[in-house]
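Protein chains: 2
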Amino acid sequence: MKSGSHFLLAARQCEIAELEELARTGELVGAIGRFIHALQRERGISGVFLGSQGRRFAQQRLQQVAACEGAEQDVRAQLDRLDTATSHARNGARLFGRVAVVLHGLAGLRPLRERVAALDLPASEATAAFTRLVAGLLAVIFEAADAASDPQVTRALVALFNFMQGKEFAGQERAFGARAFATGESDAAAQQEWAHLIESQQACFAIFAEFASAEVLQADRASHDPAVLAQVERLRRIGCTARDGRLDPELSHAWYEQCTLRIDAMRSVEDRLTTRLREVCEQRIAQARAELRDQRALLESLIAQAKAGEPAGSGLYGPHLERSVLELVQQQSLRLQAMSDELDQVRTSLNERKVIERAKGLLMAHRNLSEDDAYKALRQMAMNQNRRIVEVAVAVLSFADMLPGTR
Amino acid sequence: MKSGSHFLLAARQCEIAELEELARTGELVGAIGRFIHALQRERGISGVFLGSQGRRFAQQRLQQVAACEGAEQDVRAQLDRLDTATSHARNGARLFGRVAVVLHGLAGLRPLRERVAALDLPASEATAAFTRLVAGLLAVIFEAADAASDPQVTRALVALFNFMQGKEFAGQERAFGARAFATGESDAAAQQEWAHLIESQQACFAIFAEFASAEVLQADRASHDPAVLAQVERLRRIGCTARDGRLDPELSHAWYEQCTLRIDAMRSVEDRLTTRLREVCEQRIAQARAELRDQRALLESLIAQAKAGEPAGSGLYGPHLERSVLELVQQQSLRLQAMSDELDQVRTSLNERKVIERAKGLLMAHRNLSEDDAYKALRQMAMNQNRRIVEVAVAVLSFADMLPGTR
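The listed protein sequences derive, respectively, from chains R and A. Just so we're aligned: the first sequence equals residues -16 to 390 in the numbering used here. Just so we're aligned: the second sequence equals residues -16 to 390 in the numbering used here.
Don't read these hints as lab results, they were simulated from the structure. Quantities reported herein were computed from a predicted structural model and do not represent experimental measurements. Among the clues, some could well be false.
Where chains are identical, the list cannot tell them apart; a pair therefore holds if satisfied intra-copy or between any two copies.
Simulated crosslink set (DMTMM-like; lysine to aspartate or glutamate; CA at most 20 Å straight-line) [to be verified]:
hint, residue 1, residue 2
1, Lys359, Asp170
2, Lys(-15), Glu4
3, Lys359, Glu335
4, Lys(-15), Glu10
5, Lys337, Asp327
6, Lys(-15), Asp66
7, Lys290, Glu52
Next comes chain R alone, as it looks inside the complex (with noise of 0.2 Å):
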């Protein structure tokens, strides 16, 4: 008959397996980062090459084609290396589901780039197709972040998601600027739809100052170029400020050269929040087997003890051994209990996105949109109403009940 100790020491070891399993999630979220930094570069430079029909960055465009699918390999030996058939993770099949998404989507990465080489496609559209597969990696670390049940790995996890997601609206504002400045018209919907790609930045910035370790924080104000900051913010005043709607091309070189140091920093600090998440598990792990160790042999000279000397006591065990098995069993509940409610104030930070993502869903279903379009009706509904996406999706949501067809 499994004992109270058995129970005890098992939730333990239910913690260390799925702590085990996070270390390795870390190391997939790593090489995904990995690959979305050389996916974004590759993202940039085909809109320039597109839209200079060509005359610009064809080299590059080569050697960061090549760059890519190096990292592409890095994520795809990560994904073998998951352990699809017994995982302990808490939410396996919406991380499989967005790895098979993401998967699907890599298939497509080869006739893209034959349409971007063969100048067969506007800039645009390249563009929002490797949006869409950063959209589809970023998502498989969201559920990482989403699965974590130990609160100081998903406070690892939710920084660098975050981080990752700001970085990726400055790479969509590069784009976005690099075909503002290339085109030479910039009018007020365009200014708008800019300022709101910064305040996006922004916002995921500020939580991942929120959950980022002192010394992540500290390798991110490094990372800051006060000169590249300086012209960065410049382009950007002119390009959100432009009176008459016109902007000087000549301009699109410094602004893309710019905000590509600005985003190579980034990767750096992106390093850190890896290596970070790396150390926690490891350390997280360390603790938790330490202290299996320890409990493990508390108990066994417990109960070497109530065997040698304690008289019989009234309960199952003698008394001194009762109170002793008690004090244990409390502690480890009382810190279950701590670590479940830090969780959940981690945790709720992601659910923001949940929000957004719901009520996108909603947009799709009922109003028969594509994923892209419902996103850009809750952006446009924000821009206009002068409120924070979430805010929009939130008031979406509660209409929700009204619409016909939904619950």
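Here the structure of chain R is known, so what remains is to put chain A in place on it, guided by the hints.
Just chain A now, kept in the frame of chain R:
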């Protein structure tokens, strides 16, 4: 190299593994329900036995102890069947932690019964000891509900948990009223506490009604004996409105009997709820298995078609296959998203309890109170302010930052 189809099928297999684990947990939950019912009876009988100085229910008590021991053996057998080594449970650590608390509590049952037999403790203390054990058992069911990630199963577990918790409040009311009638006293404070026990039951049964299936609700309505309910309500009115605080001790017997009839009738609904839980698990497993089979067959036939005739496309597969796989991936993705949204909605009802637990933990840590006293403090605040306990708990938590020694 693992393909998108591989992860598509792996996601489905994860769902099945989790559902199978839920089905096993469902068996445990059923055994716990029967054990709780037996403990509730033993609590009531022991209270009357002690209150009457051993004159009443001596024989019934011995019979009930035997029944309880049988139900306990069933729970222990189910616990032995739990796979603590390779659990897929989303929160194995918390579930096993709760089980450890319960097993420790069970070790105290024998000494408790010896003291009851020897009339060696006050009735209120015996009642409190049984109540603590029942609370521990209910916490196991709560964790099972919180761990489930299938919305339909969660729905069935939430209905069951809330019915059981409501029934437990009914059992506490029976004990409370029996003591009040037996002592012949019911002052204003006692009347307020009594009213609170009634409200707590109603809140639980309201959540039960929200999540139970139509057929269970039908069984619930059929279980209500209007004559019994009329008697219970009449005695409640007498107990809760006695102007001079005096009660007729003669009514103690009738109160106990009518409450027992009411609570025993609830047992049949509880049985329907556990049957329903098992049915839902079985249906969902059969459904998921059929879908996995269909999906696998579809993928295989698509790949065979592609190999046989379809001209080599530009992608990894031919364009026809690619579209079909994309559709599958998108369908699965939307389905998982919808399930996850539905799950969040069902779980909302579990969050109130978590908020109360968290506030309780805060009071225990900050004011150095026992768990019972922390709950009583919350309930007293709620009664004084004429608010629901959960509202008071939210208020307590919002002051948490201002308390010394808390984050």
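#### Entry: Intra- versus inter-copy proximity for Glu335 and Lys359 (alpha-carbon distance at most 20 Å)
Classified as within: same-chain Cα gap 17 Å, cross-chain 35 Å, threshold 20 Å.
*20 Å Cα threshold - placement of Asp66 relative to Lys(-15)*: between (29 Å within a copy, 11 Å between copies)
Note to self: My question is about Lys290 and Glu52: at a cut-off of 20 Å on alpha-carbon distance, are they close within one copy, between copies, both, or neither?
What the structure shows: Neither way: Lys290 and Glu52 sit 64 Å apart in one copy and 26 Å across, limit 20 Å.
Reference check for the pair Lys337 and Asp327, CA-CA at most 20 Å: within, between, both, or neither? Answer is both: 14 Å inside a copy and 10 Å across each meet the 20 Å cutoff.
query = With identical chains treated as interchangeable, where does the CA-CA distance between Lys359 and Asp170 reach 20 Å or less: within a copy, between copies, both, or neither?
reply = Close inside one copy (17 Å), not across copies (63 Å); limit 20 Å.
- When no copy is specified for Lys(-15) and Glu10, does a C-alpha distance of 20 Å or less occur within a copy, between copies, both, or neither? Between copies only: 17 Å across, 36 Å inside.
request  = Please work out whether the CA atoms of Lys(-15) and Glu4 approach to 20 Å or closer within one copy, between two copies, in both situations, or in neither?
outcome  = Only across copies: Lys(-15) and Glu4 sit 19 Å apart there, 26 Å inside one copy, limit 20 Å.
Of the numbered hints listed earlier, the single one contradicted by the structure is hint 7.
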